[in-house]
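Participant: Listed here are the chains, written in short residue letters.
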Amino acid sequence: MKILVGIKRVVDYNVRIRVLSDGSGVDTDGVKMSVNPFDEIALEEALRIRDAGNAEEVIVVSAGGDECQQQLRTGLAMGADRAIQIQTSADLQPLSTARAFLKIIEREDPGLVLLGKQAIDDDNSQTAQMLAALWDRPQATFASKLELDGQSATVTREVDAGLETIEVDLPAVISVDLRLNEPRFVKLPDIMKAKRKPLDVIPLEELGVAAEGNLEVGHYAPPPQREKGIMVEDAAQLVEELKNRGLI
Amino acid sequence: MDYPEIREAIAKLCKQFPGKYWQQLDREHAYPTEFVRTVAEAGYLSVMIPEEYGGSGLGLPAACAVLEEIQRSGCNGGACHAQVYTMGTLLRHGSKKQKEHYLPRVASGELRLQAFAVTEPASGTDTTRIRTRAVRDGNDYVVNGQKVFISRAEHSDLMILLVRTTPRDQVKKTTEGMSVLIVDLREAVGNGLTIKPIDTMMNHSSTELFIDNLRVPVENLIGEADKGFRYILDGMNAERILIASECIGDARFFIEKASSYATERVVFARPIGQNQGVQFPIAKAYAQTEAAALMVNHAAQLFEVGKPCGAEANMAKMLAAEAAWFAGDTCVQTFGGYGFAKEYDIERKFRETRLYQVAPISTNLILSHIATHVLNMPKSF
Numbered sequence: 001m002k003i004l005v006g007i008k009r010v011v012d013y014n015v016r017i018r019v020l021s022d023g024s025g026v027d028t029d030g031v032k033m034s035v036n037p038f039d040e041i042a043l044e045e046a047l048r049i050r051d052a053g054n055a056e057e058v059i060v061v062s063a064g065g066d067e068c069q070q071q072l073r074t075g076l077a078m079g080a081d082r083a084i085q086i087q088t089s090a091d092l093q094p095l096s097t098a099r100a101f102l103k104i105i106e107r108e109d110p111g112l113v114l115l116g117k118q119a120i121d122d123d124n125s126q127t128a129q130m131l132a133a134l135w136d137r138p139q140a141t142f143a144s145k146l147e148l149d150g151q152s153a154t155v156t157r158e159v160d161a162g163l164e165t166i167e168v169d170l171p172a173v174i175s176v177d178l179r180l181n182e183p184r185f186v187k188l189p190d191i192m193k194a195k196r197k198p199l200d201v202i203p204l205e206e207l208g209v210a211a212e213g214n215l216e217v218g219h220y221a222p223p224p225q226r227e228k229g230i231m232v233e234d235a236a237q238l239v240e241e242l243k244n245r246g247l248i
Numbered sequence: 001m002d003y004p005e006i007r008e009a010i011a012k013l014c015k016q017f018p019g020k021y022w023q024q025l026d027r028e029h030a031y032p033t034e035f036v037r038t039v040a041e042a043g044y045l046s047v048m049i050p051e052e053y054g055g056s057g058l059g060l061p062a063a064c065a066v067l068e069e070i071q072r073s074g075c076n077g078g079a080c081h082a083q084v085y086t087m088g089t090l091l092r093h094g095s096k097k098q099k100e101h102y103l104p105r106v107a108s109g110e111l112r113l114q115a116f117a118v119t120e121p122a123s124g125t126d127t128t129r130i131r132t133r134a135v136r137d138g139n140d141y142v143v144n145g146q147k148v149f150i151s152r153a154e155h156s157d158l159m160i161l162l163v164r165t166t167p168r169d170q171v172k173k174t175t176e177g178m179s180v181l182i183v184d185l186r187e188a189v190g191n192g193l194t195i196k197p198i199d200t201m202m203n204h205s206s207t208e209l210f211i212d213n214l215r216v217p218v219e220n221l222i223g224e225a226d227k228g229f230r231y232i233l234d235g236m237n238a239e240r241i242l243i244a245s246e247c248i249g250d251a252r253f254f255i256e257k258a259s260s261y262a263t264e265r266v267v268f269a270r271p272i273g274q275n276q277g278v279q280f281p282i283a284k285a286y287a288q289t290e291a292a293a294l295m296v297n298h299a300a301q302l303f304e305v306g307k308p309c310g311a312e313a314n315m316a317k318m319l320a321a322e323a324a325w326f327a328g329d330t331c332v333q334t335f336g337g338y339g340f341a342k343e344y345d346i347e348r349k350f351r352e353t354r355l356y357q358v359a360p361i362s363t364n365l366i367l368s369h370i371a372t373h374v375l376n377m378p379k380s381f
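Respectively, the protein sequence lines represent chains A and B.
The numbering of the first sequence is our numbering, which starts it at 1 and goes up by one.
The numbering of the second sequence is our numbering, which starts it at 1 and goes up by one.
Looking at chain B on its own, in the form it has when it is part of the complex (with noise of 0.2 Å):
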């Protein structure tokens, strides 16, 4: 495997962090402060930040290494693996004074640039129905609207906001009029801005925002206005491949899990896995999880040298996806009942593996991207 001394620096620093410390934050529904703030301290989550601005340079196939190992490890790289590639918008399309303000403390962890707020309850990946309204008053947006489903907007400094500055019916292209911000949460919270909590199956963080009167300073504005959709779609790319990673890893920790209690588990006077019928389901979870990971290798790779890899990273994220729950499934039957106790993290790593195939795209989306962008079939909506 490729990056292997940065593969086993970050294992070793996730040991650190056992079943039993994500069982407690699961249990309360509690973020991980210490897990996410030690990683980033270690450099981990500045990864793909250009050495000049105080990371580490490195491109996206070391990126998903990392998250990969982190997922492998047990522990939950959810709860900051946004602070690895929300940055490339404002990296890629933010001005010099804005990334010298920004990315040298986004580096150093001191700032969390993790919360990414492009849904809303009316429009989900129909973004250019996106109705989040920002209106320029002096050197000021004034902004208003709601945004739904996202994620550790209580666990960030900084967000990345996508609204309409100009009405949808008024552009050429309905993917124009839409803008970008830079969003300070410090101070935007009860100054125009509610984040109320979801509580969902799994310990993720997620958020609605209610945007009322909201006044972000023009100066926060990424690269033109109107022109802000566009900003926002190659991140998605990379945010697909790392999360395709992610899913690798958890496939990874669900398949060394079930191979070695299924050598170990002895019921009828011989290991459950010399039958058949056990190891014959892990042996397809690995083929899967080898096939899928080869997908996400070729679109990071693509990702990295600049070539259009929509289709490669939809599919790596769809395949990872996919490998991941049935690994996880396969998992749980073979530990049977120990598989829902909650002390050997299967359970819980089988909630969390679930939400890759709905976020950050859903499989029929990928699915429709491929079939009309990629074999030319008509379009379906």
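Only chain A is shown next, with the shape it has when bound in the complex (with noise of 0.2 Å):
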């Protein structure tokens, strides 16, 4: 079985963002890039499948310009086999994201797809949900736990009541949620290793996906400043400052 996991370049998560001043978009100019810390996680799961004898190889997929191949080569420092750069300079969509990953699923007849459950750039959480449907197979969200079965995975989710577990077929789509594991730290001989694993580079426009959106950002901009707090004497004072302020 093959696992295909999706990469995605973001802005790293100790940097702090910075929104352009004309509200376009995002300071990007000469700030730290990284793996996006859900599809880490979905990596070092595929990567403990794969070791453990119940896959035979890892296929890490990203969809960017050329710079994304830094975060794909961090993914084959970890561990995965090879690579597949599917080379736009759009900033993809959800969709056209999922419609692009489903041309390469095509190609690949992987068994599983593991995802991040969300970017942490732009929150989305859509191209998990969005792929499967394309591709017409199972789902499972969220995932905290994750077990394969011959032809099924047993998968626990992380919803909003609790825990949920449920059995999807294979082939499926899987996002991956923060608890799953811990991914591994890069060794050195390992980045050395990856330099020489293969990586494909495939244009947007060979796969025939249009990086074409229906969604339109309007404008970015911080989250206000916030107010100084007071000090309260007891819970009567703040359901009544609560009310002042019509907050409740």
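Treat the hints as calculated values from the structure; they're not laboratory data.
You may find that some hints are simply not true.
As the list claims (entries may be wrong) - Listed next, with one range per pair, are the computed distances between beta-carbon atoms:
# : chain 1 : residue 1 : chain 2 : residue 2 : range
1 : A       : I17       : B       : Y21       : 41 to 49 Å
2 : A       : S24       : B       : K284      : 27 to 35 Å
3 : A       : L178      : B       : A371      : 37 to 45 Å
Claimed, not checked - Here are the simulated PhoX-like pairs of lysine-lysine, each with C-alpha atoms no more than 20 Å apart in a straight line:
#  : chain 1 : residue 1 : chain 2 : residue 2
4  : A       : K32       : B       : K227
5  : B       : K12       : A       : K193
6  : B       : K15       : A       : K187
7  : A       : K32       : B       : K15
8  : B       : K173      : B       : K96
9  : A       : K243      : A       : K228
10 : A       : K103      : A       : K32
11 : A       : K187      : B       : K227
Said to hold, decoys possible - One side only, chain B facing chain A, incomplete, derived with CB under 10 Å:
#  : residue
12 : P4
13 : G54
14 : G55
Backbone N, C-alpha and C fix where the C-beta goes; we use that ideal spot for every residue, glycine too.
Hints in hand, dock the two standalone chains.
Facilitator: Written as structure tokens, this is what we have:
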């Protein structure tokens, strides 16, 4: 079985995000970029499945400009066998990404697709769901535990009410949550080995997918400055103050 | 910056060892065993060991990137940086048998080769005056003498030891008559070698060595007898360039801390960093650091292609150590009282980075080298 893992290049989670003064986006000039943390967890899970003998190959896929090859190399250094870059200069929306991934699925025929539950830049959390629908295969999102059993997978999902366990037939799309595992560190010799692993570049047009979108971003704005708080004596005063502010 | 993938990976690994970890070790004057083991096992200390011996076979600039990022992340590479370069003497001048015997296990981290014993109580930079003497007796050398400020001897399995095999008054040139031995500390301690820790301002595991009839097998001699001084010299350039990289990392740590604190900390209803009296020193520290980083990079590139780099390695170390010190001082000033509070890690890094204007060579000796060797002014000693 092959496992396909999606990897997105995003602003590193430690970076303090700065909105551009004209509100057209977020400042990424000279900003540290990393693999989306949820994608790293997806890859770690794929590697563990492979290393336990339940898969033969782990392929990392990313859609973006050539700069995303750095994140693909990180994936290869973690242990993925090969990488595919879907080359595009466009900022793909979830539906286009899902369509492009579907084309890769048709070429590679994976038994499992593992994606992060969302990317920490736009927090859309849509690609996995859309991909499962387009592919017409089961989906299990927000996985915090994953067990494979031949032709099916038992997935524990983190939902608002707690945990939900479901079983899905494979092939399936599974999106992973934070608590699924703790990704490994990249070792220096593996960084060297990663340079020699195959990385295929496929232009988006070659897949017959258009970088069109039905979403339009109005503008970006930083969250308002937090106002100074007050100290209250007791619960009664707290309720009073909340009422005065029209909050309850 | 060069080697982005290596920088990213080592920085991530260092995150596992936050300020709290170092603060506790500092309080207890304990060695960061877990940090060193983790970094070694992940292959970052064998960066310069050739692939045939199990390392990554990368050059000095890659090793510089590793050490810079360790320091920049708030960790202290001083505990293990010598594992990166001490093996250079063995690699360049050791026999094939010695290299095959030691290097693969140094590369895997199983053997720690991070003690390098040159300095003595009566001879510092005037290395040719060392008194530790090795006399041949059958298949052994019998060594007697004393060494001081030997870092990490208690946390190393092997040590490179410089000894006199021919007395200074019996050689034509004073740089002759010295030899380099590999000492297996696991066997030597208690059998002629006594290690005594020196309590210092920072947690650096410095020690004093007392050597009394220590027997070292002749097969542990590196290269030829009496030619050892030359063997340690080229290692010193690598050491200076790597330590300069650590200083650049320290400087970047301080500048990042200071600029972000100055942006956040509000006094009189505005961030303190809005005041030029606060922001200018930080900007100046940045300019000095970037300039020093260029010299470090220049020296590393020269070393890498095998060109003479003595003056550049010296200048890189001096400029980077001064940039780190100025950045540290500026950072303390920016943080005010909090700069002295241990939980911010600034006072610790401030103490740690002061070392590099003294070790591995003091600034005055660098200036004297530039004055006499580069500018051809009269020698002062």
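Participant: Taking 41 to 49 Å as the stated bounds, is the beta-carbon spacing between A/I17 and B/Y21 within them?
Facilitator: violated, 28 Å
Participant: Taking only the CA atoms, is the gap from B/K15 to A/K187 under or equal to 20 Å?
Facilitator: holds, 15 Å
Participant: Just tell me: holds or violated, for the beta carbon distance of A/S24 and B/K284 against 27 to 35 Å?
Facilitator: holds, 33 Å
Participant: Against the 20 Å threshold, does the CA-CA distance of A/K32 and B/K227 hold or violate the hint?
Facilitator: Roughly 48 Å separates the two Cα atoms, so the pair is violated.
Participant: Should the hint that A/L178 and B/A371 are 37 to 45 Å apart at their CB atoms be regarded as holding?
Facilitator: Violated: the Cβ-Cβ distance is about 59 Å, outside 37 to 45 Å.
Participant: At a threshold of 10 Å, is the proposed contact between B/P4 and chain A supported by beta-carbon distances?
Facilitator: holds, 7 Å
Participant: Is the Cα-Cα distance between B/K12 and A/K193 20 Å or less?
Facilitator: Judged against 20 Å, a Cα distance of about 19 Å means the pair holds.
Participant: A/K103 and A/K32: Cα distance at most 20 Å?
Facilitator: Not OK: A/K103 and A/K32 at ~30 Å, beyond 20 Å, violated.
Participant: Given B/G55 as an interface hint, is the shortest Cβ-Cβ distance to chain A below 10 Å?
Facilitator: holds, 8 Å
Participant: Take a quick look at whether A/K243 and A/K228 sit within 20 Å of each other, Cα to Cα.
Facilitator: holds, 18 Å
Participant: Would the pair B/K173 and B/K96 pass a check requiring their Cα atoms to be no farther apart than 20 Å?
Facilitator: Roughly 29 Å between the alpha carbons, so the hint for B/K173 and B/K96 is violated.
Participant: Does the structure keep A/K32 and B/K15 at a Cα separation of 20 Å or less?
Facilitator: holds, 15 Å
When the structure is compared with the earlier hints, violations turn up for hints 1, 3, 4, 8, 10 and 11 and for no others.
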